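Chain order of the listed sequences is A and B.
Numbered according to the UniProt record's numbering, the first sequence spans residues 1 to 163.
Numbered according to the UniProt record's numbering, the second sequence spans residues 1 to 163.
It is possible that part of the hints are untrue.
[To be verified] Taking lysine-lysine and the BS3-like style, the derived pairs with C-alpha atoms no more than 30 Å apart in a straight line are:
| # | chain 1 | residue 1 | chain 2 | residue 2 |
| --- | --- | --- | --- | --- |
| 1 | B | Lys43 | A | Lys80 |
| 2 | B | Lys154 | B | Lys105 |
| 3 | B | Lys163 | A | Lys163 |
| 4 | A | Lys105 | B | Lys163 |
| 5 | A | Lys74 | B | Lys67 |
| 6 | B | Lys80 | A | Lys67 |
Treat the hints as calculated values from the structure; they're not laboratory data.
Computed from a predicted structure; not experimentally measured.
So you can see what is in the structure, the chains are spelled out below.
Protein chains: 2
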Amino acid sequence: MKKQIIISIFSVAAILVGAAVLFGFSNDEVKYPEGYRNWTHVKTLILEKGHPLYDAFGGIHHIYANKTALEGYKAGNKFKDGSVIVFDLLETVSADNAVAEGNRKVVGVMEKNSKKYRDTGGWGFEAFKGDTRERVVKNMEGDCFSCHLSQKDKDYVFSEYRK
Amino acid sequence: MKKQIIISIFSVAAILVGAAVLFGFSNDEVKYPEGYRNWTHVKTLILEKGHPLYDAFGGIHHIYANKTALEGYKAGNKFKDGSVIVFDLLETVSADNAVAEGNRKVVGVMEKNSKKYRDTGGWGFEAFKGDTRERVVKNMEGDCFSCHLSQKDKDYVFSEYRK
Numbered sequence: 001m002k003k004q005i006i007i008s009i010f011s012v013a014a015i016l017v018g019a020a021v022l023f024g025f026s027n028d029e030v031k032y033p034e035g036y037r038n039w040t041h042v043k044t045l046i047l048e049k050g051h052p053l054y055d056a057f058g059g060i061h062h063i064y065a066n067k068t069a070l071e072g073y074k075a076g077n078k079f080k081d082g083s084v085i086v087f088d089l090l091e092t093v094s095a096d097n098a099v100a101e102g103n104r105k106v107v108g109v110m111e112k113n114s115k116k117y118r119d120t121g122g123w124g125f126e127a128f129k130g131d132t133r134e135r136v137v138k139n140m141e142g143d144c145f146s147c148h149l150s151q152k153d154k155d156y157v158f159s160e161y162r163k
Numbered sequence: 001m002k003k004q005i006i007i008s009i010f011s012v013a014a015i016l017v018g019a020a021v022l023f024g025f026s027n028d029e030v031k032y033p034e035g036y037r038n039w040t041h042v043k044t045l046i047l048e049k050g051h052p053l054y055d056a057f058g059g060i061h062h063i064y065a066n067k068t069a070l071e072g073y074k075a076g077n078k079f080k081d082g083s084v085i086v087f088d089l090l091e092t093v094s095a096d097n098a099v100a101e102g103n104r105k106v107v108g109v110m111e112k113n114s115k116k117y118r119d120t121g122g123w124g125f126e127a128f129k130g131d132t133r134e135r136v137v138k139n140m141e142g143d144c145f146s147c148h149l150s151q152k153d154k155d156y157v158f159s160e161y162r163k
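All chains, full assembly: derive it from the sequences and hints.
And the structure:
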């Protein structure tokens, strides 16, 4: 009897593992965008004190696109699955009538996967604190998508490619 | 007699053309950096009114590096021949506590070729007006190198790679 129970437990475990592999019980987390500093620089914007988004996004930010995302920008913001866009936010350091880049505040990421992220316009959202891999986004919909929703006509992406 | 003179002229012309091909009588002009917008973005700086270089370089500039130049930056500003660095200068457009990128003012280029440009630290300098191919630099030494000379310890390059 004991032997039968053990066999049953193993069988159930095997079925579960098999199902996980078969149906791709993959992690829905957006990956850290390794190597993004070598991707194409899309554009840059500085938000200063007094801007409504200053508390969250004050500083200088650069947008970078992987190859698939770049094609999407050039097609007029129509992005295919596999597109990854990075929002690289740095502090600004003002001195002697020059504004330089300071420490990294956050690395924001949008990753297109229309099946995985169907509830948020096909985009997965994440942000990593400073130069770490510490995840910041608690709720993609509330923290990110609710604002990106206003850009529905541009596939939920605020930026456009600056030539 | 007349025939001989014509033959002689053709002979001399042929020798000159041959010598030009053989010894690479190539153009010393720095080429327009086609495709630089897909190169690695090195860093960004904004020069505001009141900065001593404002008249020449006021606005927001991005530095881009081709692969060879990127290796040079990462080696601590030691650049090999073939390195090309672009200084992409745009107007700034300030409104509602945000500073955005405006029209392109100039595309500056440094191209490393230690033989061709031995009089200017191994670097050829050029600048192209706005979005055109119109050349701006009249004299590499006076217009560019005289100022870059101050950065001799950094291979005459002001910028450093911002991670």
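Taking the hints in turn, this is what the structure says about them:
For the proposed pair Lys43 of chain B and Lys80 of chain A, the alpha carbon gap of about 29 Å is at most 30 Å, so the pair holds. At roughly 26 Å between alpha-carbon atoms, Lys154 of chain B and Lys105 of chain B fall within 30 Å of each other, so this suggested pair holds. Of the pairs offered as hints, the one joining Lys163 of chain B and Lys163 of chain A holds, with about 23 Å between alpha carbons and a cut-off of 30 Å not exceeded. Under the criterion of a C-alpha separation no larger than 30 Å, the hint pairing Lys105 of chain A with Lys163 of chain B is consistent with the structure, at around 13 Å.
Among the hinted pairs, Lys74 of chain A with Lys67 of chain B is consistent with the structure: their alpha-carbon atoms are about 23 Å apart, no more than 30 Å. For the hint linking Lys80 of chain B to Lys67 of chain A, the alpha-carbon distance of about 27 Å falls within 30 Å, and the restraint holds.
Checked against the numbered hints above, the structure violates none of them.
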